[in-house]
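For chain A, the structure is supplied; the task is to place chain B on it using the hints.
2 protein chains.
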Amino acid sequence: MNSNFSSDQNSVQYVIGDQAIKQAARYLNHYHSIFILIDENTEKYCLNILEKNVPDLKVNGYIKVPSGESEKNLERAAFIWKKLTTMDAKRDSLLINLGGGVITDMGGFCAGTFKRGIDFINIPTTLLAQVDAAIGAKTGINFMNIKNQIGLFYDPKAVIVDPVFLRTLDQKYWQSGFAEIIKYALIMDRELWKMLNMRNYSEIDDWDKIISRSAKDKIDIVRYDKMEKGIRKNLNFGHTIGLAFESLFLKRNIKITHGQAIAAGMICETWISSKMTELECTNVEEIIKMIDVNFDRLELSEKDVPEIMSIMKQDKKIRDGLFRFSLLRRLGKAVHDIVVEPELVEQSLSFYINRKNCN
Amino acid sequence: MNSNFSSDQNSVQYVIGDQAIKQAARYLNHYHSIFILIDENTEKYCLNILEKNVPDLKVNGYIKVPSGESEKNLERAAFIWKKLTTMDAKRDSLLINLGGGVITDMGGFCAGTFKRGIDFINIPTTLLAQVDAAIGAKTGINFMNIKNQIGLFYDPKAVIVDPVFLRTLDQKYWQSGFAEIIKYALIMDRELWKMLNMRNYSEIDDWDKIISRSAKDKIDIVRYDKMEKGIRKNLNFGHTIGLAFESLFLKRNIKITHGQAIAAGMICETWISSKMTELECTNVEEIIKMIDVNFDRLELSEKDVPEIMSIMKQDKKIRDGLFRFSLLRRLGKAVHDIVVEPELVEQSLSFYINRKNCN
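Just so you know, the protein sequences line up as chains A and B, in that order. For the first sequence, the numbering used here assigns the number 654 to the initial residue and increments by one for each residue that follows. For the second sequence, the numbering used here assigns the number 654 to the initial residue and increments by one for each residue that follows.
Bound conformation, chain A alone (with noise of 0.2 Å):
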């Protein structure tokens, strides 16, 4: 396929498209002896695919834990480290994270802090991994119910993207990971807005394309700044307003997805930006078109503000005190670090839950 393509930068290798798990055969080589981590999920429906396709393959252990973000915690954590301790892991082991987000955000956690640092290889196997939570380099645990309250930057040595493993995906799955790819569109990559076309998720038929497209959107921002000093901080269009919803709903045991999470935080940051960085009316209409078109809104009314602005001031992007978002300045192109008053998120999250009009 057309998508397919690797890449090297800053040391850690991305296989992405059609048959990209062939490859990896390649990064497992040297190693003392390989761990591989799954939850109940990838171990029914992905360990074969990859065992299939990597025959070579030699494991020493598998750690398996429960799937679902609210697995995703220091006592989890905790039981990786064991497994990897008792299955006699060493520093020159291998873990490879076989799952969501939830898994190669964990995974990497633990194998950036299990003797200072082992190396670990991410292979995603939903949508959201694939084009977001696998590449990148930030890795973490949620606590306090605070989402990756604990991590660290801790690169993978390769990342092996391939839709071969999406197969198998429930719809909610692929819904989640649309959020982020409809924030690539908006945020930097208007020929993919075009791509998409206002069409519902379940209607796309061209997935491997906007796939490896929103992978390298991802890995394109990653490589220019890894730690968020600037740039990367674009990423956060719509996160931090979904992340607080994130958390509520986590708080509240109501399962959302961390896409339902995200597509509302966008409708909310999106209004914000027709009111602090000059994005039209119309775009805005249109932005909350297409998102409306792939999302219900969230179950929130009035009461849950302020407990939503408590939950925001925890939020890892707050600086000096200020809540600094990420906005758009037109479809296809964002700004950071844009300070924006209390008062006008509470009124975003008003125009949220009354529907109200951008003017």
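Because the hints were derived from the structure by calculation, they are not lab data. One or more hints might be untrue.
All copies of an identical chain are treated as equivalent in the list; a pair is satisfied when it fits inside any one copy or across any two copies.
Calculated pairs, SDA-like style, for lysine to any residue (alpha carbon to alpha carbon, straight line, at most 25 Å) [unchecked claim]: (1) K736 - F806; (2) K904 - R744; (3) K810 - G770; (4) K882 - S720.
Since the model is a prediction, treat every value here as computed from it, not as a measurement.
Chain B alone, transformed into the frame defined by chain A:
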């Protein structure tokens, strides 16, 4: 004092020597908030010294943990993360580690992983931390009775080494740090060996010179090889076996200091050097005499040998399943990555336990 100096390398600032603490204020600007990690000893003896010498220091919160190597664990790390969270620490907050190696190791680990990394400063208050633990980016906690099993390489913004903090120090802490000083002399600094002059640590009256020289030796090594790809491995002299001793006694709940363990490890590895790297037996006898002048032998018997060997196999420095030692070529010169057969390691333990002669 002549030994006072400050240097900049890879953005870590070192201020070492008499009155160094007065320069701490320089590194405390532009932070959203400042937190200090202490234990009950540094709260009692060191906090007032810090606050008296840095009158402008504004502290937003204290995090107090119990002292002791056995406290350098995941539960305490979680406690520190929790305190940072509840005291509203941000990405642009600063953590000051005021204490010995437990505080600087664990505080560095918590800072390096909180919100994917916040700044920290080490103000070591024990001899061991001043000449070793606080310098060189290695952070970590113990896990499953294995020393520093979980951690990361993460640079402090500054390390401030001031002998003023040592005044209140108990004798055993002087002794503990002294083992590392002997090590620097043996692996790289024959001039320092002459300064030590076969003295017992209690007879030493020129500490400031000796501390500055030792700290600079460590800084020099870390400057060239922070990630321990080559020359930094020389610092492991005495540690491959010494850390196994330390783990053994930790498991048995018998308190020994890090220095006692390393001193014992150095005797074993000095003997191995005579077999593997041509260290002369006259040097072996001289080195062991100096160590025995300063450290009682550990209570070990031949029966302990299998357990020690088993602990060593968990060591982070083991690669490809082989023991690789840093050994002495001669007094003042070490070499690393020397493969040593397990049998020779066992013989060195027997050499130590039975106080055999070099030949």
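Legend entry - Intra- versus inter-subunit Cα pairing at 25 Å for K882 with S720: The answer is neither: 32 Å in one copy and 37 Å across copies each exceed 25 Å.
Inset, instruction - First find the shortest C-alpha distance between K810 and G770 inside one copy, then the shortest across copies, and answer within, between, both or neither for a cut-off of 25 Å. - result: Cα proximity of K810 and G770: in one copy and across copies (12 Å, 21 Å).
Inset, instruction - Have a look at K904 and R744 and pick one of within, between, both or neither, based on CA distance no larger than 25 Å. - result: between (37 Å within a copy, 23 Å between copies)
Inset, instruction - Can you give me the call for K736 and F806, within, between, both or neither, at a CA distance of at most 25 Å? - result: The answer is both: 23 Å in one copy and 22 Å across copies each meet 25 Å.
In summary, the structure is inconsistent with hint 4 from the numbered list given earlier, while agreeing with all the others.
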